Amino acid sequence: MGCRPSSPEVITVTPPDPPSSEIPNDPPPPKSRSYRPSIASLQIPIQDDLSTECLRLGTFGVEKESALMILLSMFLIVTFSDQSTDQEVQENQDYLCGTEVSLQWLLQTLSDRFNRQFDEEPQWIVERLNRPKWDDYATSTVLRVTFGWEEDDLPKNVILKTPTAKDLRDDEKAKYHYLMFKRECNVYDWTQKYPKIPAPRIFHTKRHTKEYGGVVVMEDIGERGVQQDAIKGLSVDTVRDLLRQLAVLHNISIKQIGWNTTVADLPPSYYSYLVSGYNDIVDFFVRNDVNHSCFTATSKYFTSEYLQKMSTEMSEQLPPKVFIHGEPYASNVFVVADSKEPRIAAIIDWTGTFYGCFEKEDRLECTTSLLEDYHVQLVENLPDDCQITLEAVRKAFDLFVPVAMVTFLSKVMASKNNTEDIEPLIDRGKGLIQNVYTMTKILEE
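Mapping of the sequence shown onto the UniProt record's numbering: position 89 corresponds to residue 89, and the numbering continues sequentially without gaps.
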């Protein structure tokens, strides 16, 4: 049962066809391609899909091999360079997470930057750190690329920031975000001239490409610092050092004015976005026990005209004009790891930079002692014709509290749908609303 009957027809051996008709010719020699990775290219779509511990390969050895095996088995998007056609390599390896940045270009850029020729093809992994949507205000895709080389003088990780693919938005919006991206590139070019400025180390900026493309290649601050939590905020000691670092930025910009010819003003649409959700802000905070009368009294601050005036014209009333980061929120701050006292490693996301009044960045989190510390750092080695008093610092601080309220509340609204508990953010927002309301009523009396 189950066996085929013996038959002369079955055991008859038919001579095979000539090899030339059944066996394909040897494939042509592979085309020369620079720095083809020797392992699979593994592209991780979003950080939340896996634990950060599995993705961060800062140390190698057993942990690295285990992480690689987990990632390979979970994603199954594996292509080996010796098994791929040129078309497969183009689709699966060359371009990183759907961006216009190819691995080959990145490796050549790092080779030029560090004056190194790679003897072996490096292992690499790329992960997406954000997923911007074009109905949100995110303007870029941010990637981390991890390399497996052992050389100490080469970065283990690099961060890529690039405008999201053009086919995800209309031409007008693409043009706007591309102009903002080019503007940020100009900012980074300026910050690299002054090592004391708390900006990331930039390896390369590529701003002039077709179809509104471009890329910034920078260090991974996470290798030497810890990103602060947007929900928990910053400790008083961290705020103190943050203000010192911002004072360094402001101080340098007073003495070195080249930035005001290379960095354009923020467009009016930038301020329009900040106030576009005013009705949603009111509804949200009224549901969270804020009296509606607070918004009635402070509504004049939620206009693009007011924000633009405070960010540009106020520096003429409260000179000198300085270079402003604009968004020194907790999530943009990295603190040096293993430091006894909080020390700022770097501040990221310089998209919203502009030149204006120095007190724009001190905001309500500061106490009198913090303002005093900021003032000491700000006036260090300033020329005699540019003296700034502590009283001027306090006055400017009071003027910019409403601006802090508007910008912070927009951040709360952007975070309200997160799965995390954002009650601390809501509480800080409510505190700002109450403070601005009180200040406004006093001024009206």
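Please keep in mind that the hints were generated in silico from the structure rather than gathered at the bench.
Small disclaimer: the values here were computed from a predicted structure and weren't measured.
One thing to keep in mind: the hints can contain errors.
[Stated by the list, open to error] The calculated lysine-lysine pairs, modelled on DSS-like cross-linking and capped at a C-alpha distance of 25 angstroms, are:
#	residue 1	residue 2
1	Lys309	Lys156
2	Lys182	Lys206
3	Lys340	Lys255
4	Lys196	Lys206
5	Lys430	Lys441
6	Lys300	Lys395
7	Lys156	Lys193
8	Lys196	Lys321
9	Lys232	Lys309
10	Lys232	Lys411
11	Lys255	Lys232
12	Lys395	Lys255
13	Lys255	Lys196
14	Lys193	Lys255
15	Lys416	Lys232
16	Lys430	Lys321
17	Lys300	Lys430
18	Lys300	Lys441
19	Lys300	Lys182
Taking the hints in turn, this is what the structure says about them:
Distance check on the hinted pair: lysine 309 and lysine 156 sit about 44 angstroms apart at the alpha-carbon level, beyond 25 angstroms; violated. With a CA separation close to 9 angstroms, the supplied pair lysine 182 and lysine 206 stays within the 25 angstroms bound. At most 25 angstroms may separate the alpha-carbon atoms for a hinted pair to count; lysine 340 and lysine 255 exceed this at roughly 32 angstroms. Pair hint lysine 196 plus lysine 206 holds up; C-alpha atoms about 24 angstroms apart against a cutoff of 25 angstroms.
The hinted pair formed by lysine 430 and lysine 441 meets the criterion: a straight-line CA distance of about 17 angstroms does not exceed 25 angstroms. Distance restraint check for lysine 300 and lysine 395: the Cα-Cα separation of roughly 20 angstroms lies within the 25 angstroms cut-off, and the hinted pair is therefore satisfied. For the proposed pair lysine 156 and lysine 193, the alpha carbon gap of about 24 angstroms is at most 25 angstroms, so the pair holds. Pair hint lysine 196 plus lysine 321 holds up; C-alpha atoms about 19 angstroms apart against a cutoff of 25 angstroms.
For the proposed pair lysine 232 and lysine 309, the alpha carbon gap of about 31 angstroms is over 25 angstroms, so the pair is violated. Proposed proximity of lysine 232 and lysine 411 is supported: the alpha carbons are some 14 angstroms apart, at most 25 angstroms. Simply put, lysine 255 and lysine 232 have alpha-carbon atoms about 35 angstroms apart, too far for the 25 angstroms limit, and the pair is violated. Taken as a hint, the lysine 395 and lysine 255 pair is honoured in the structure, with Cα atoms around 23 angstroms apart against an allowance of 25 angstroms.
A threshold of 25 angstroms between alpha carbons decides the hint, and for lysine 255 with lysine 196 the separation of about 14 angstroms falls inside it, so the pair holds. At most 25 angstroms may separate the alpha-carbon atoms for a hinted pair to count; lysine 193 and lysine 255 meet this at roughly 13 angstroms. Between lysine 416 and lysine 232 the CA atoms are separated by roughly 14 angstroms; this keeps the pair inside 25 angstroms, and the hint holds. Restraint check for lysine 430 and lysine 321: the C-alpha separation of about 31 angstroms exceeds 25 angstroms, so the hint is violated.
Taking the CA atoms of lysine 300 and lysine 430, the gap is near 18 angstroms; set against the 25 angstroms cutoff, the hint holds. Of the supplied pair hints, the one linking lysine 300 and lysine 441 holds, its CA atoms being roughly 13 angstroms apart against a limit of 25 angstroms. A C-alpha spacing of about 32 angstroms is found between lysine 300 and lysine 182, which places the hinted pair above 25 angstroms, so the restraint is violated.
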